[in-house]
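Protein sequences appear in the order of chains A, B, C and D. Here the working numbering is used: the first residue of the first sequence is 1, the next is one more, and so on. Here the working numbering is used: the first residue of the second sequence is 1001, the next is one more, and so on. Here the working numbering is used: the first residue of the third sequence is 2001, the next is one more, and so on. Here the working numbering is used: the first residue of the fourth sequence is 3001, the next is one more, and so on.
Please keep in mind that the hints were generated in silico from the structure rather than gathered at the bench. On a predicted model such as this, the values are computed, not experimentally measured, just so you know. Glycine is no exception: its CB is placed at the ideal position from the N, C-alpha and C atoms. Warning: the hint list may mix true and false statements.
Stated by the list, open to error - Listed next, the in silico BS3-like pairs over lysine-lysine satisfying Cα-Cα at most 27 Å (straight line):
id, chain 1, residue 1, chain 2, residue 2
1, B, K1295, B, K1272
2, B, K1293, A, K178
3, C, K2293, D, K3178
4, B, K1007, B, K1034
5, D, K3272, D, K3293
6, C, K2217, C, K2178
7, D, K3272, A, K7
8, C, K2007, C, K2034
9, D, K3293, C, K2178
10, A, K7, D, K3295
11, B, K1272, C, K2007
12, C, K2293, B, K1007
13, D, K3095, D, K3178
14, C, K2272, C, K2217
15, D, K3095, C, K2293
16, B, K1007, C, K2272
17, A, K293, B, K1178
Unchecked claim - Label pairs and their computed distance ranges (CB to CB):
id, chain 1, residue 1, chain 2, residue 2, range
18, A, L32, D, F3037, 34 to 40 Å
19, C, V2082, D, G3182, 35 to 41 Å
20, C, T2198, B, P1099, 55 to 61 Å
21, B, D1054, D, H3038, 55 to 61 Å
22, A, R213, B, S1083, 50 to 56 Å
23, A, E283, B, G1266, 31 to 37 Å
24, B, Q1229, A, P93, 56 to 62 Å
25, C, T2219, B, D1054, 52 to 58 Å
26, C, Q2201, A, G109, 54 to 60 Å
27, C, P2319, A, P93, 28 to 34 Å
28, C, N2091, B, D1054, 56 to 62 Å
29, C, V2082, A, G180, 38 to 44 Å
Number of protein chains: 4
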Amino acid sequence: MEEYQIKTKVVGVDISNDITTYAIVDIRGNILAKSSFHTTDFPDVNSFVTALSDNIVELVEANGGYETIRSIGVSSPSASSVSGCIENAANLPWKGIVPLAAMLRDRIGLAVGLSNDAHVSALGEYTFGCAHGMNNFIVLSIGVGLGSCFFSAGRDHEGHNGYAGEFGHTCVVNHGRKCGCGHEGCLEQYVAAAGIVTTAQELMAAGTPTLMRDLPKLTPRTIKKCCDQGDELAIEVYRRTGEMLGLGLANYASLVDPEAIILTGGISRAGKWLLEPAYQSFEEHVFGNLRGKVKMIVSQLTDSERDVLGASALAWSVPEYSLFK
Amino acid sequence: MEEYQIKTKVVGVDISNDITTYAIVDIRGNILAKSSFHTTDFPDVNSFVTALSDNIVELVEANGGYETIRSIGVSSPSASSVSGCIENAANLPWKGIVPLAAMLRDRIGLAVGLSNDAHVSALGEYTFGCAHGMNNFIVLSIGVGLGSCFFSAGRDHEGHNGYAGEFGHTCVVNHGRKCGCGHEGCLEQYVAAAGIVTTAQELMAAGTPTLMRDLPKLTPRTIKKCCDQGDELAIEVYRRTGEMLGLGLANYASLVDPEAIILTGGISRAGKWLLEPAYQSFEEHVFGNLRGKVKMIVSQLTDSERDVLGASALAWSVPEYSLFK
Amino acid sequence: MEEYQIKTKVVGVDISNDITTYAIVDIRGNILAKSSFHTTDFPDVNSFVTALSDNIVELVEANGGYETIRSIGVSSPSASSVSGCIENAANLPWKGIVPLAAMLRDRIGLAVGLSNDAHVSALGEYTFGCAHGMNNFIVLSIGVGLGSCFFSAGRDHEGHNGYAGEFGHTCVVNHGRKCGCGHEGCLEQYVAAAGIVTTAQELMAAGTPTLMRDLPKLTPRTIKKCCDQGDELAIEVYRRTGEMLGLGLANYASLVDPEAIILTGGISRAGKWLLEPAYQSFEEHVFGNLRGKVKMIVSQLTDSERDVLGASALAWSVPEYSLFK
Amino acid sequence: MEEYQIKTKVVGVDISNDITTYAIVDIRGNILAKSSFHTTDFPDVNSFVTALSDNIVELVEANGGYETIRSIGVSSPSASSVSGCIENAANLPWKGIVPLAAMLRDRIGLAVGLSNDAHVSALGEYTFGCAHGMNNFIVLSIGVGLGSCFFSAGRDHEGHNGYAGEFGHTCVVNHGRKCGCGHEGCLEQYVAAAGIVTTAQELMAAGTPTLMRDLPKLTPRTIKKCCDQGDELAIEVYRRTGEMLGLGLANYASLVDPEAIILTGGISRAGKWLLEPAYQSFEEHVFGNLRGKVKMIVSQLTDSERDVLGASALAWSVPEYSLFK
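Looking at chain A on its own, in the form it has when it is part of the complex:
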């Protein structure tokens, strides 16, 4: 009887527009080693895959060895778990359809799971975060963009093509603000970073006095600082943002009936200036039987931790595979 060697670690990779983070994670979500490089250093996807593979092997060899790693999970914007490809990512350097899962598997000789960042975030919250023990919930990521994912009966709802959860591109204002996607009135244009700045600019146009005029740069973070100083117009910026977010979430919840909505991403750190008007607007608009029943929670994991952990959970979900067996 040949002894079978159990593999107790996986690699979680989080590709974001600027930084690619990769970490060795054990079964219980302990991050054993972690490193990162600039995504933007690799405008060619082949050189990116080579670099990612080399970096992973180096990290792994310094931490127990290649043969202790079971598989790899990868989070990326615009990735489809159904096709295993990154598809037409707006802000990544690589255009068109990139079969990243297959490329990395062939290069590194281990099973690779790929899914988009919103789904991986949700998986991270489900496995190690606020959504642990929940079966139906929504995870929202509000930052530069607005992504989401919901779970149905304890499983990631992927949809027919793997595109489910495009909350940022639901229309909240018919013929509203122009969106980079080509449509008008997308929620993302009101509640993600650029949208908040636009709202501030629109409000400032009327000439009302505000601390925001003194800011070197108008950003969600600097606007929030004005709120903290009691600036009424800044507070109004977040109130309007929250109102839109609450309306969008109410529609989402009326369709999905979640136990909780979990907020992640930089904008979710805006605190009460965003959350209170958002919750109030949510309660005003959500289907009556759900009023007072949906928990709105700010994630307690950091963004980078969540995505690497979610990618590690994804890694465990793909069947084991090795070139050397």
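With chain A fixed as given, assemble chains B, C and D onto it according to the hints.
Only chains B, C and D this time, still in chain A's reference frame:
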């Protein structure tokens, strides 16, 4: 060895606001016997359950006998499959929380499954209709109200409380038309029956000549007849209705990524006057990667057939139970 | 809006060692057209696939046309639904690994699902037969061989490699009768056709008088006829067969805890001569808490109907695909 | 917006015949506090539930407080997750049907999940042990008794009544050794603790010289020590034990097709004396296509750790509930 007698039939019940239909259905969806009575004849729910039970027993005794029936499935507005209750139904005679599944089971001595009409419709389409073989799809019911249900990975998405799919009460016009639910701008107020009539009245207010002025009664059906005669204002009524419907469905689809959207209910029979503008608006608003990919289909089952068949599928999904074993 | 044409029919194919049957089946399990040819006429698998494809197209063109067919389901001995291949089939003309699903799909241009006959039988019973409405059950096929499949929580248990359910090759007599598989004491050698004949020969060797000596050919069917005439030795043949079957099934049930065991295949028609001793032996050996709780049922579908219907259900479970889209 | 307080801990309880262990466990499987008492001190189940509840509350109050605990998971011999009861446990002090889940929930005011020890062990291995990332596997517990559980498609196979996995009471020798369950030839009588001693006694009866004659007490552990010293008869004891185990497992695997078989419990520590003959016998008897494909693994969790962790995973799987909401 005692011979085990297989039960090959169930009873499907469809409670709607006016009529309650009940039928004996076999495994393959053949309706073997069917009857109905007026829901409104029983303002007291106890007498309703007694009547329903007596009627079912009578039908069953005339068609093979009680001992050939495995279980009962019931479709009702405002029913929750999670609680087994009809909860605060707006248009049924019985108010508050009605534990109908338990009441009927205790009365008739067979297992009873209960779910709301939108979910039962979806189950009917999945088992015997257009959605057979699909894993992710939306079923819409457009009539007096606007209900929906979606399937996730081959299963009815129920949500945390069993309320998922309240599409009619998603907000499409912030501070728009008043809805009976207490909110403003609910989609139902624009695309269900009363909403279509309201749109017609609004358009007619301007004084434009139209055949609609000659109608004895303004209803979705009579307005459609005007469309068929080439009446431009009537066509505009449906164009606006379709535009709203398409926008709402685009948002729904961007979140759920369905293979198909299946339209049921009286309004879905309006044909091209509704469907063409709805589809055009849907394509304009849906998340880009989904454009051209979602099938919009009018159901090929009649409304009464669908709900009785769906209820029969529900009956098969509950564990068998008998007082007499 | 381009009208979407719903496909309401599939093709179910049952490949058995001698005959290949193919039929057009609708959603509700109505067999609309059916034909067959000799599997053994095609010792080369390429010519088999060509013939099967041509025959299907011919049948389909005569019955509504190719464009009305959604997909194809195929049942075959030794097929794995995990790999889509027929693997080392003992009694089919084609040796080694045959990627039949891919071959047929490429030839005919429609999605093809493949699974082994035991699993397809179980799917047939689940969808249209005795197991409808059950979540945990075993389907047994007793004929030339002894196959099985069980459902876990409403789904076919496939196992890690798609080989689950090899009940015929569980060992019931350590160092017992030699089996074609190379092992000794396999249950199949005691309860499938050849095993029953062997038991008869062993019992006859002692010289006891019996009608079986006058039979032109000793087969399960002719032995049963002797039972029907009251021949004690023939009855003893089936008693011993039943005892073994009951022991094997008791072990199976103690592991799986099924609601029912459904018997299919030619030997299951032996009636009380087999079933009574089998059930008695089952009750003697099964885990105590299960005694009296497991239903033993002879299938009410004919063998050919069941497999074609099961293959049709399999066809609906594969994602739609068409060369011409 | 009222802030929602996330609960990040559960209590895992392992009731075994002698000791009851309870621990506070966080999401990641860290055991934060742990204690135990003698099950046998409470011959009355009401006083047991009171003691367990009081002890849990005391531990919890000393470690973050009652309001930080989400729910409780309980592992017990003879427990059914379907009924929530301990049913006719042979070796626990409480006879008949004990509705432990409901009793504990009513006493402590938190949601309680209950399942039998074999299933909880499997859940422990799946969540935090060797089976992490596997979908189809068997977990075996060999000690005083012989229990098992298998996973089907990533979920615990419970069976129709919650009794699945009674591997110890499958019959491996028709009319073999008498078992406490009333049957003959149960596998437990050959491979669990008492069976190994019986085998030793049978072998020693022939008079062959052996170190085992000098042992103060014949137990699996002392017999293993003789093996370690090279005693041939002791080695033969384990060889026969392994042969039986391998035969039983081969039958199990031929039905279930697992990726791995994971051995837990005291006897699994016997090392190569047991495992080598077990694996050899397994390979001899398992269905041909599975030969060389099933991993046989000794668990790397300690028995007490596994069951408390498994119970914590069970706790997360039940819906949250609180008397005080």
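Run the structure past the numbered hints and jot down the numbers of the failing ones, going up.
-> none
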